[in-house]
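Trainee: Sequence:
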Amino acid sequence: MSAGLRRLGPVSDLPHENDQPDPLDSFEEIIEAETDRDPDLAVIEAGSRTLRTQGGAPRADVPARPEDPEVDKALREVEAELATRWGETKLEPSVSRISALMDVLGDPQRSYPSIHITGTNGKTSTARMIECLLGAFELRTGRYTSPHVQSVTERISLDGAPVSAERFIETYQDVKPYIEMVDTAQEYRLSFFEVLTGMAYAAFADAPVDVAVVEVGMGGSWDATNVIDGDVAVVTPIGLDHTDRLGETTGEIAGEKAGIIKQGATVILAQQPVDAAQVLLKKAVEVDATVAREGLEFGVVARQVAVGGQMLTLRGLGGEYPEVYLPLHGAHQAHNAAVALAAVEAFFGVGAQRAEPLDIDTVRKAFAAVSSPGRLEVVRRSPTVVLDAAHNPAGAEATAEAVREAFDFTRLIGVVGASADKNVRGLLEAFEPIFAEIVVTQNSSHRAMDADELAAIAVEVFGDERVQVEPRLPDALEAAITLAEEEGEFAGGGVLVTGSVITVGEARLLLGKG
45 MSAGLRRLGP
55 VSDLPHENDQ
65 PDPLDSFEEI
75 IEAETDRDPD
85 LAVIEAGSRT
95 LRTQGGAPRA
105 DVPARPEDPE
115 VDKALREVEA
125 ELATRWGETK
135 LEPSVSRISA
145 LMDVLGDPQR
155 SYPSIHITGT
165 NGKTSTARMI
175 ECLLGAFELR
185 TGRYTSPHVQ
195 SVTERISLDG
205 APVSAERFIE
215 TYQDVKPYIE
225 MVDTAQEYRL
235 SFFEVLTGMA
245 YAAFADAPVD
255 VAVVEVGMGG
265 SWDATNVIDG
275 DVAVVTPIGL
285 DHTDRLGETT
295 GEIAGEKAGI
305 IKQGATVILA
315 QQPVDAAQVL
325 LKKAVEVDAT
335 VAREGLEFGV
345 VARQVAVGGQ
355 MLTLRGLGGE
365 YPEVYLPLHG
375 AHQAHNAAVA
385 LAAVEAFFGV
395 GAQRAEPLDI
405 DTVRKAFAAV
415 SSPGRLEVVR
425 RSPTVVLDAA
435 HNPAGAEATA
445 EAVREAFDFT
455 RLIGVVGASA
465 DKNVRGLLEA
475 FEPIFAEIVV
485 TQNSSHRAMD
495 ADELAAIAVE
505 VFGDERVQVE
515 PRLPDALEAA
525 ITLAEEEGEF
535 AGGGVLVTGS
545 VITVGEARLL
555 LGKG
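Note that the working numbering has the sequence shown beginning at 45, numbered continuously upward.
There may be inaccurate statements among the hints.
Derived Cβ-Cβ restraints for the label pairs, each shown as a range [as the list claims (entries may be wrong)]:
| id | residue 1 | residue 2 | range |
| --- | --- | --- | --- |
| 1 | D496 | R154 | 42 to 52 Å |
| 2 | D218 | V329 | 40 to 50 Å |
| 3 | P366 | D227 | 48 to 58 Å |
| 4 | D496 | E292 | 26 to 36 Å |
| 5 | I404 | E330 | 29 to 39 Å |
Calculated directly from the structure, the hints in this document are not laboratory data. All C-beta atoms, glycine included, are put in the ideal place defined by N, C-alpha and C.
Start from the sequences, fold in the hints, and give me the full structure.
Mentor: So, in structure tokens, the structure goes:
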């Protein structure tokens, strides 16, 4: 361990996000208690705290290891079996294997309607918002997202919460004989992602759910999730990522992602680059799909920073939704919220079969309860430590802008651990304006870029004096916190951990959030 670095104290000893004043305080009482502050800020804080109370207590979105040793052992055995299969970065672009699995399982994915989500950035946050909205309208939901932050069980959610370890194990054991049957009949065994997709679709049918919210793994046309026919197809902003597999321009990438747009579906399009929009609209015309575009048919009317998030006015397909509190930071999350709202409106037929908007109080309650672990998530105070899973330049730019807007850091230290197959230089260049110094590290994944290799790129972007190398993530966190503390207890130093979902997940565990 580097000289002068101290051990991280227990998170229980530190102030937490949940250390809020009594949430049952009335709106007026909160304002009266804030007489020494700017009155407008007092109103914003009172409103956001009141709406958080209406949304209910945050759910445990990231499960810890099972407490029962036998269950933990069984889960580890399932994880070990899954790990013997092709990982998510090794692909054979085809849906033949997943289609064969669905066939022998009796096509469980056809037993419920679905909302299918693709795009480059914002898929998981948008999926969580859609799930919250549907649940608030008393529909039983199944959500399938990837990758996971800490536990593989996060990927499959029922009723707004990850399935239990016991249910995950049971589902795997139920489908295992059918997986082995397909393995023997195919040229290649089912991949890790294909098996999990099959498990999710089977679990949703078994629940049963009223609607599935499904995020693609990569692309769209040949993604394993694309054996569903989504009633609503959602395309979040498309950028340059996975260019070796999807295409070198946003238009080419859109061609792959357009594969989720099915005959007669409703397509919800976030703001897109011109070439991507042209490709997506052409596909919609070819399959007679109805299209709603952000900035035209729906969008963000207004947004204002609030304590712990932002206050929004959204325009949906059925009208305007004012005073919507979203407990997430950044303009990009506001746009995700607009997309999610339009998707749920489309699912309920708003703008088509019905003209009236969704119930505003229900919409407000749903958005106030949204969470998205690892997306500008504050996990520690004094100094403030924020986690964000940005892993490509577009995501990093959105995160950097959100940090400028939502946090008043006087000195921000970056902890970055990235994957070797990403545009790491572009990622670092996006963060350079907001990082005073950067501590480069690496996570435990075999995909992780070597810390020294990452440091060499960082030196070119930041200069030698602003870069520190700590190959072990625990050491990197300690180094960054020590640097942030040099500002003094009340000065406003902070730490942002980013670069990869895996880096964020491991940091989350180290900081006691799982």
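Trainee: Please go over all the hints and tell whether each is borne out by the structure.
Mentor: Here's how the hints hold up against the structure:
no., hint, result
1, D496 / R154: 42 to 52 Å, "holds, 50 Å"
2, D218 / V329: 40 to 50 Å, "holds, 41 Å"
3, P366 / D227: 48 to 58 Å, "holds, 54 Å"
4, D496 / E292: 26 to 36 Å, "holds, 29 Å"
5, I404 / E330: 29 to 39 Å, "holds, 36 Å"
The earlier numbered hints are all upheld by this structure, with none contradicted.
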